[in-house]
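Asker: Below, each chain spelled out in residue letters.
2 protein chains.
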Amino acid sequence: MSRARASRPVRRTGRRSGDSGTREAILAAARARFAQHGYDGATIRGIAADAGVDPSLVHHFYGTKERLFAEALRFPAVPSEVLDRVVRAGPDRLGEDLVRSVLQVWESPETRDRAIALLRSAVTNEQAAAMLRSFVEGGILGAIARVGSGDDAGFRASLVASQIVGLGIARVVLRIEPIASADIDELAAAIGPSVQRYLTGDLRGGAP
Amino acid sequence: MSRARASRPVRRTGRRSGDSGTREAILAAARARFAQHGYDGATIRGIAADAGVDPSLVHHFYGTKERLFAEALRFPAVPSEVLDRVVRAGPDRLGEDLVRSVLQVWESPETRDRAIALLRSAVTNEQAAAMLRSFVEGGILGAIARVGSGDDAGFRASLVASQIVGLGIARVVLRIEPIASADIDELAAAIGPSVQRYLTGDLRGGAP
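Here the protein sequences line up with chains A and B, keeping their order.
Residue numbering for the first sequence follows this note's numbering, starting at 1 and increasing by one per position.
Residue numbering for the second sequence follows this note's numbering, starting at 1001 and increasing by one per position.
Treat the hints as calculated values from the structure; they're not laboratory data.
Please note: incorrect hints may appear among the correct ones.
What the hints assert, rightly or not - According to the in silico footprint, chain B covers these stretches of chain A (three or more CB under 8 Å from chain B):
(1) 33-46
(2) 193-199
Said to hold, decoys possible - Chain A is nowhere near these chain B residues, computed Cβ spacing over 12 Å in every case:
(3) Gly-1018
(4) Thr-1064
(5) Lys-1065
(6) Arg-1074
(7) Gly-1090
(8) Ser-1108
(9) Gly-1142
(10) Gly-1150
(11) Ala-1170
Just so you know, even glycine gets a beta-carbon here, dropped at the ideal spot from N, CA and C.
Take these sequences, add in the hints, and give me the full structure.
Answerer: And the structure:
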């Protein structure tokens, strides 16, 4: 399946009904800019232009670029709810379901720009890196705690994170083919068992 | 094992013996800056300052930032030689040996900054992304061709790339613990079987 470019300019939609429409336009423009350029490359001026407002209004609503970033990247679905759903599917399919859930987050127009912005920004900006680490620690460690893997939960979580982050970078940031265009079921079947092994399998060697 | 920060300023070492010393100082400073700030964040001015030379000299030797980047990131060990060594170890241990080789590249002072610079730059800069993609296509596809996995070699290569790139981002860029400090043998044992599965295993589901 082919897909549109990672980031699209936000179109002006005529007059907006007061503050909330303007705020939403700024947040959407911020997500698109952070997704395309990363935290360091995005400017308040560019975001304001895409949203069709004066830069001073962006500062008025959100203060600093740092605060705008945090607001723009707030996920609509609380990650722990997604993980609850995944965990209810059962411990044996946790790897595949986790991969599928994450791929759906990257696919949905609602969350796609947020995820790309976070991945792209985290590698050059410490604030974004801290957001991603806390996402890993809160989200993935939470999932592992549910399936009860004991002492090495932190190591397991970081292995899962390495595969999930790598999948995100390859698919939606670098767009390495054919992983970039593969369908979700194919990727979940291919990568799920690796994630499952990190969650509950033997990590000290032996056959895969 | 704890490790020094990813990037260190390059110390001036007194007078240099002509052009080649100066060029090497510029390349080392460039590697350190690209590793710390990524392609877009690094400046010729900053690189020149670290190398103890005038910015005009950097332009004189290397022209554009783009060319400097390409020169600075040239790997001393040809990747295909590394892969030859890995492949000779035998197809069953290819995954673990590939992970170990990559970890050694990231560990060696000789190659560490180059690898970090490439990972960090690729997510925001198209030239660096193209370098990383060609590295994946040349290097990893080459390894897969040797173990003869047929039609889906491209898909397998991109899966391997997703895990290797994710491991690099987690370990040396984001420094997610405990993966950031784990020793090479432990990581090779934990991640090798996943990579092995991507290289030669069943990717259509079933037990890990």
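Asker: All the hints need checking, so say for each whether the structure fits it.
Answerer: Results for each hint:
no.	hint	in the structure
1	33-46	holds (count 4)
2	193-199	holds (count 5)
3	Gly-1018	holds, 35 Å
4	Thr-1064	holds, 19 Å
5	Lys-1065	holds, 15 Å
6	Arg-1074	holds, 20 Å
7	Gly-1090	holds, 14 Å
8	Ser-1108	holds, 20 Å
9	Gly-1142	holds, 16 Å
10	Gly-1150	holds, 14 Å
11	Ala-1170	violated, 4 Å
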